[in-house]
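Colleague: Which chain is which? The protein sequence lines are F and E, in order. Going by full-length UniProt numbering, the first sequence opens with residue 1, and the numbers climb by one from there. Going by full-length UniProt numbering, the second sequence opens with residue 1, and the numbers climb by one from there.
To be clear, the hints were calculated from the coordinates, so they are not data collected in a lab. Computed from a predicted model, the values in this text were never measured in an experiment.
Remember, identical chains collapse to one label, so a pair may be satisfied in a single copy or spanning two.
The calculated lysine-lysine pairs, modelled on BS3-like cross-linking and capped at a C-alpha distance of 30 Å, are:
(1) Lys-4 to Lys-323
(2) Lys-201 to Lys-47
(3) Lys-323 to Lys-236
(4) Lys-133 to Lys-106
Here are the chains, one letter per residue:
Number of protein chains: 2
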Amino acid sequence: MTEKVLLAHGDGGSLTHQLVREVFRAAFNDPALEAEEDAALLDAPSKHVRMCTDTFVIHPLEFPGGDIGKLAVTGTVNDLAVTGAEPRYLSVGFVLEEGLELSLLKRIVQSMAETASEAGVRIVAGDTKVVEKGRCDGIYINTCGIGFQEDVERLHVTSICPGDRVIINGGVAEHAVAVLAMRAGIHSSTGLLSDCQALNKIIRGLLHRFQTIRFMRDPTRGGIATTLKEIAELAKVNITIAEEQIPIKPEVQGALEILGMEPYYMANEGKVIIIVSPEEAEEVVTFLRDAQGQRMACEIGYVTEGTGNVLLQTPYGGTRNLKRMAGTPLPRIC
Amino acid sequence: MTEKVLLAHGDGGSLTHQLVREVFRAAFNDPALEAEEDAALLDAPSKHVRMCTDTFVIHPLEFPGGDIGKLAVTGTVNDLAVTGAEPRYLSVGFVLEEGLELSLLKRIVQSMAETASEAGVRIVAGDTKVVEKGRCDGIYINTCGIGFQEDVERLHVTSICPGDRVIINGGVAEHAVAVLAMRAGIHSSTGLLSDCQALNKIIRGLLHRFQTIRFMRDPTRGGIATTLKEIAELAKVNITIAEEQIPIKPEVQGALEILGMEPYYMANEGKVIIIVSPEEAEEVVTFLRDAQGQRMACEIGYVTEGTGNVLLQTPYGGTRNLKRMAGTPLPRIC
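Please construct the entire structure, taking both the sequences and the accompanying hints into account.
Modeller: Okay, here's the thing in structure tokens:
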């Protein structure tokens, strides 16, 4: 095989066939891919299926704590998991740039395979296109995920009510800051790592153990501010969070101060916001802190009657009304 | 709203929200999208689900007979349909280039909505990313499709046996030639049209009416030669086709002669190759010809014992062994 991706790798002919066999099928190693059918045949173990899609265009392709492949798997797994579904199958669509090093592609594909295996999901369908040099930036990856759900009555945004507590499973802004530091060329001295991780096993544990979790959402693009705003608007409530309670690693805080940026709008890739009754809130935090890698989990706020506002209480007694992110985009953060 | 796509349309904040609401949700108009959940909640009406994915990077974005949006819907619908599944739900992932005209995006989204509606499939999940100018070529679209299937014992490639007939539902090479003519700037004088169409309703009719259809596949990238080669190898048979029997519109033939290209490797986007018993072959052709727009359907060959060869009989009594496409890629044809 050549060492670089050629346009002919995308033409559907013999080089495409070779790439699929030697790179994708070799790493993903799934009987559904081996069957070489136009569409994978899969079991549907429930009457309710969940479907979501996400395209990843992150730059750079590899960053501290992850790479575009790991991100493409965890992002879609997490979107399914926060709805209460059990993620089961992923499809993967690649757009590759002519001239891409095959060794880089193989590392990313291997990372996808390992991440999927750890999360317990199967990669069952795929597609590859190649575009001319300069028409893509290395690799773009779409993942579509399907999962199944027995109890679809849980986790409705409308079940959120005043008094409920807002919990997050760890420090904010880690993904965006790690990527920005990498772009700035200062990552090796900072120890900053993306929080990129699959949350489906932790979420499964939470839903098994606790009966009054109202709703969950992963605060990715737009950060916790945008996600809380979406929740508050959909639930027709206000959400108040306390600046001092929001967990943030010191090195992330330091980097944000240097960058002159706030943590509330910075993307996370391994975080979940959990809205739960006041009765179970403390136990949820304890449960999370006992789980691997979630020691910074904590309660960050609460729900009140309202009309879709997110209020940030500052340490000096002030209150800011947080809006959705607008005007300061961080392009290609996921 | 601005007239062009901005990087901020992809940041997950207020402009993303506006784009999704005013362009995507307005056109696709599906309750699953209105619910604004991380993953769409859908019915799974069968124990067997089919899943497939395809990314579309065609250039130009609009071409005679279709556009990238129509193609993205029909391509995935057809991949599901040829396996015998009933296509039901699509997800759509967009990569947009900064500076793209919003009016063009809206036309393409509208085309997707109309094509999905005609095919009877729902667009239930979506994602949008924006990359800097020069990092994409206008629009790339991924569609992932899921469908459901009751009888999964039908349409196995291993049920193909010597004596079976090979049928196609119309003229070959129409999609690739229309796109190439558009690129060459000669399309307006030729009347060439892509064959881009959803085949699920015709296929449903065929499967309902005929009991001995062994296998189907849509000959897209790589053309009928590559698809027949894949079938012959998977089924461990030889397939013989007769050059004189392969349907081809005169204007397509003329264009191919000018281009110096053969029809066998040219992409189709509205064709299906059907392998059927000799007993039902003639009726299948009649059934197809009676269906809208399939008047050129015909039998093009037959299956013999063998080891995966595709043999093309020429009008002069010779035989060529057709391989997969190799070495003459037609980039970005779909």
